[in-house]
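This is what each chain is made of:
There are 2 protein chains.
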Amino acid sequence: MVNTSATSETEARILEAATRIFRAKGRDGAKMQDIADEAGINKALLHYYFRSKDKLFEQVFRDSSAIFFSRLNEILQSDLELFTKIRRLCDAYITMTMENPFIPIFIIGEVNRNAESFITNIFSGNGIKPEFKSLEKQIAEEIRSGRIRPVRAEELLMNILGLCIFPIIAKPMMQHNMSLSDKEFNRIMDDRKKTIPAMIIDSIKKKNT
Amino acid sequence: MVNTSATSETEARILEAATRIFRAKGRDGAKMQDIADEAGINKALLHYYFRSKDKLFEQVFRDSSAIFFSRLNEILQSDLELFTKIRRLCDAYITMTMENPFIPIFIIGEVNRNAESFITNIFSGNGIKPEFKSLEKQIAEEIRSGRIRPVRAEELLMNILGLCIFPIIAKPMMQHNMSLSDKEFNRIMDDRKKTIPAMIIDSIKKKNT
DNA sequence: GTCTATAATTTGATAGAC
DNA sequence: GTCTATCAAATTATAGAC
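Those sequence lines, one after another, are chains X and D. Each residue of the first sequence is one higher than the last, beginning at 3 in my numbering. Each residue of the second sequence is one higher than the last, beginning at 3 in my numbering.
Bear in mind the hints are in silico, worked out from the structure with no lab data behind them. Please note that a few of the clues may not be correct.
Per the computed footprint, the stretches of chain X lying under chain D, defined by three or more beta-carbons under 8 Å from a beta-carbon of chain D, are [claimed, not checked]:
#1 23-34
#2 90-99
#3 143-151
Distance condition first, Cα-Cα at most 25 Å in a straight line; then the derived PhoX-like pairs of lysine-lysine [to be verified]:
#4 D:K209 to X:K139
#5 X:K208 to X:K196
#6 X:K196 to D:K207
#7 D:K45 to X:K131
#8 D:K207 to X:K207
#9 D:K45 to D:K87
#10 D:K207 to X:K209
#11 D:K27 to X:K33
#12 X:K87 to X:K195
#13 D:K135 to D:K207
#14 X:K196 to D:K209
#15 D:K45 to X:K207
#16 X:K207 to X:K196
#17 D:K33 to X:K33
#18 D:K195 to D:K87
#19 D:K208 to X:K196
#20 D:K209 to D:K87
#21 X:K57 to X:K131
#22 X:K209 to D:K55
#23 X:K207 to D:K195
#24 D:K208 to D:K185
#25 D:K195 to X:K208
#26 D:K207 to X:K208
Stretch by stretch, here's where chain D covers chain X in the computed footprint (C-beta under 8 Å, at least three residues) [unchecked claim]:
#27 108-116
#28 131-139
#29 178-187
Glycine included, each C-beta is placed from N, C-alpha and C at the ideal position.
Kindly generate the complete structure, drawing on both the sequences and the hints.
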């Protein structure tokens, strides 16, 4: 489930437990004892495998980021036709975030808490940074061909991410404010897999013939 | 700046300091000593004015939420024409979030960490809950008059909030991934005060004559 | 490798002088 | 009201047996 390049079975168990606890409680809220309990071992072993809480956290954070961005990169770098790519991105992001809402919440919170070091040390790692040069190029071609109106790749991605991810990470507020049951919320998000790409595509498509 | 109904000058200083520290580091990351230092006093005084860290946090959280939602309510409940209301909401949210990005980050993080109790105890308080019944009614009328296509008020609000707020709370990632300077990022967000409402209005306006 | 026991540190909270 | 000094509890980290 969770990405682990762990060698031993115990190490993998620890990483999975730590991931769940850190995602749920954040870096400071998570206690080593919680993680040990979740993994079914004792605290001493945590320190045996990972030197400190900081090291363990860094590993979990790096893995979580990698999962989240690698799927995005896969689609971004594919040679799908632009509109299809947009539909795939929306579907993938809604599905991924619904299944694991803590990942973006966690990343946003921690990155904002420690912007300089995290961004530099962790995101600059291997392949985590979304490569969206190919999307820029693709968009430039579609603009030249006259199929879509001039639009920045940055804006397009901001729109996709905001529309797909935000309602899910703000779900408790959304549900409370709008009096939505879990079932209703899920249905709305499922609808959005279609309505969001439709809205985005419509906003960039050339209207006149 | 920060909302305080504090009676004494010191109490106000503490609340402002606590707000800054809690917003920056979260509930668990913030230490009472940090807050005391920020306020230029000592820990004992914190306990003299507020019984415990929990009480202090609750006060700060409640105030932060109130600031953020009261402005939304103001616009939501106004009798502005629908499209104008949408433009105002987008402008207000981008401006507010740019000035104080920690508020939504903070709210999202803490609410998700403690959904049941916070939602119930704090949001159910006084006037914090966005009253969007009036928006629902307004939309229903516009649909009946045939000016816009059938659309759910929930979706409209999700779109506005996601498009306006998400890029800002994910700013460090956005800037890193898209290689944007502060100046470029600010210019893009300023543009979005116009492009977002245009996109949203276009998506709900009846196309045929 | 895994455990128990314990050290070392951090931190929320209080006592008591001024 | 504000401070210094200190306690008590929680929590990270390590020592050492098996």
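The hints, checked one at a time:
{"no.": "1", "hint": "23-34", "in the structure": "holds (count 6)"}
{"no.": "2", "hint": "90-99", "in the structure": "violated (count 0)"}
{"no.": "3", "hint": "143-151", "in the structure": "violated (count 0)"}
{"no.": "4", "hint": "D:K209 to X:K139", "in the structure": "violated, 31 Å"}
{"no.": "5", "hint": "X:K208 to X:K196", "in the structure": "holds, 20 Å"}
{"no.": "6", "hint": "X:K196 to D:K207", "in the structure": "holds, 18 Å"}
{"no.": "7", "hint": "D:K45 to X:K131", "in the structure": "violated, 42 Å"}
{"no.": "8", "hint": "D:K207 to X:K207", "in the structure": "holds, 16 Å"}
{"no.": "9", "hint": "D:K45 to D:K87", "in the structure": "violated, 46 Å"}
{"no.": "10", "hint": "D:K207 to X:K209", "in the structure": "holds, 14 Å"}
{"no.": "11", "hint": "D:K27 to X:K33", "in the structure": "holds, 17 Å"}
{"no.": "12", "hint": "X:K87 to X:K195", "in the structure": "holds, 13 Å"}
{"no.": "13", "hint": "D:K135 to D:K207", "in the structure": "holds, 21 Å"}
{"no.": "14", "hint": "X:K196 to D:K209", "in the structure": "holds, 19 Å"}
{"no.": "15", "hint": "D:K45 to X:K207", "in the structure": "violated, 60 Å"}
{"no.": "16", "hint": "X:K207 to X:K196", "in the structure": "holds, 16 Å"}
{"no.": "17", "hint": "D:K33 to X:K33", "in the structure": "holds, 16 Å"}
{"no.": "18", "hint": "D:K195 to D:K87", "in the structure": "holds, 13 Å"}
{"no.": "19", "hint": "D:K208 to X:K196", "in the structure": "holds, 19 Å"}
{"no.": "20", "hint": "D:K209 to D:K87", "in the structure": "holds, 20 Å"}
{"no.": "21", "hint": "X:K57 to X:K131", "in the structure": "holds, 21 Å"}
{"no.": "22", "hint": "X:K209 to D:K55", "in the structure": "violated, 57 Å"}
{"no.": "23", "hint": "X:K207 to D:K195", "in the structure": "holds, 21 Å"}
{"no.": "24", "hint": "D:K208 to D:K185", "in the structure": "violated, 37 Å"}
{"no.": "25", "hint": "D:K195 to X:K208", "in the structure": "holds, 22 Å"}
{"no.": "26", "hint": "D:K207 to X:K208", "in the structure": "holds, 17 Å"}
{"no.": "27", "hint": "108-116", "in the structure": "holds (count 6)"}
{"no.": "28", "hint": "131-139", "in the structure": "holds (count 3)"}
{"no.": "29", "hint": "178-187", "in the structure": "holds (count 4)"}
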